[in-house]
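Protein chains: 2
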Amino acid sequence: MPPENLFDESADDTRSAIMEATYHALVEHGYAGLSIQRIADEFDKSKSLLYHHYDGKDELLVDFLEFVLGDLHQQAMVPRDAPADEQLRSFFGGTDPAEPERSDEFVGVFVELRAQAVQCDDYQRLITRTDEYIREYLAAIIEDGIEEGSFREVDPDRTATFLVSVLDAVLLRRTTTDDPELAWDVLAELDDYLETRLYRDD
Amino acid sequence: MPPENLFDESADDTRSAIMEATYHALVEHGYAGLSIQRIADEFDKSKSLLYHHYDGKDELLVDFLEFVLGDLHQQAMVPRDAPADEQLRSFFGGTDPAEPERSDEFVGVFVELRAQAVQCDDYQRLITRTDEYIREYLAAIIEDGIEEGSFREVDPDRTATFLVSVLDAVLLRRTTTDDPELAWDVLAELDDYLETRLYRDD
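Those sequence lines, one after another, are chains B and G. Under the working numbering, think of the first position of the first sequence as 133, with each following residue one higher. Under the working numbering, think of the first position of the second sequence as 133, with each following residue one higher.
Note that these hints are calculated values from the structure, not bench results. Keep in mind it's a predicted model, so treat the numbers as computed, not measured. Certain hints may be false.
What the hints assert, rightly or not - Partial list, computed: chain G residues near chain B (C-beta under 10 angstroms):
1) VAL241
2) GLN251
3) ARG257
4) ILE278
5) ALA320
6) ARG329
Ideal Cβ placement from N, Cα and C applies to all residues, glycine included.
Start from the sequences, fold in the hints, and give me the full structure.
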């Protein structure tokens, strides 16, 4: 199931409706099995409308990645008005594997699209931009924490890069192995890392 | 470029020759662009020989993944006769991004295949087995270190799972973003994590 509200406007917005059809086709057939016809099968308007908006599958999928990443930006961001350690905890709370069935389908689509960045520069550009965006967001929280005196004086950028990377690994583990619950272990160890390296004792 | 010796026996071994042709076709066209014809184009024997050994592309690729993972097992393993901290350092030394051009082509192929595990149970089974293998290997090193007295009394399994996950993230970052050198930051932070959480001071 995709995150709530992702396709909310689909009723009256053609792009959202195309994005929703693409999402369902990706879940059903995977990236490698995707075709315009299979997207059209999930789409309640005409196939020619797809070609009216996009030159082909590749252009449509780059737009889909852009759409999904735009939503991830929003999902990942928590209000900046709480103490820094609470902000960090709610950020990683969002990756709580307690409801894997609900979110892993969506994460799986994202993992498959991300792997396309190995071959495709357009994907790589979008993945890099999103990575940068989340790293900057986390670095800002870490800077706040240092200023507040609740965090140790770490390198905010390097720590943020590490945190995003561990998050990437959690998503990859949850969707590509038979032991997705080991993602819990990774998050628990990350928490201990934060306690030891980042949070001040008092 | 693939790791040295990966296709050494290709001269007189049909399976290795098919694996080498598959590797080059994957680097050239990516997973999504792969076909038996494109593998045959890289193969100096007849296309019918491919069909003699494999029912089709999917069966061939599962065997390719098995071949690559078997090699990764060997590559990743360092001799177990050194002190535990040296063993751990040489394990992660193997992911040194100093020569990215040489190894990233190979890592990219692996990242693309891993993402197929989102959709395909055969891939998921192989990825899980490799993950398990490397986690057990690292947990054994950590147990040695605790016994030697050079490591703190951490949970070996949980720590090993965390380490493998950070390694996954490094490989993903190197091949799917425009900032592969940030992988250095992740490894540097991992080193500080090990100093703080695992290695004893003295």
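Do the hints match the structure? See the list:
{"no.": "1", "hint": "VAL241", "in the structure": "holds, 8 angstroms"}
{"no.": "2", "hint": "GLN251", "in the structure": "holds, 4 angstroms"}
{"no.": "3", "hint": "ARG257", "in the structure": "holds, 7 angstroms"}
{"no.": "4", "hint": "ILE278", "in the structure": "violated, 16 angstroms"}
{"no.": "5", "hint": "ALA320", "in the structure": "holds, 7 angstroms"}
{"no.": "6", "hint": "ARG329", "in the structure": "holds, 6 angstroms"}
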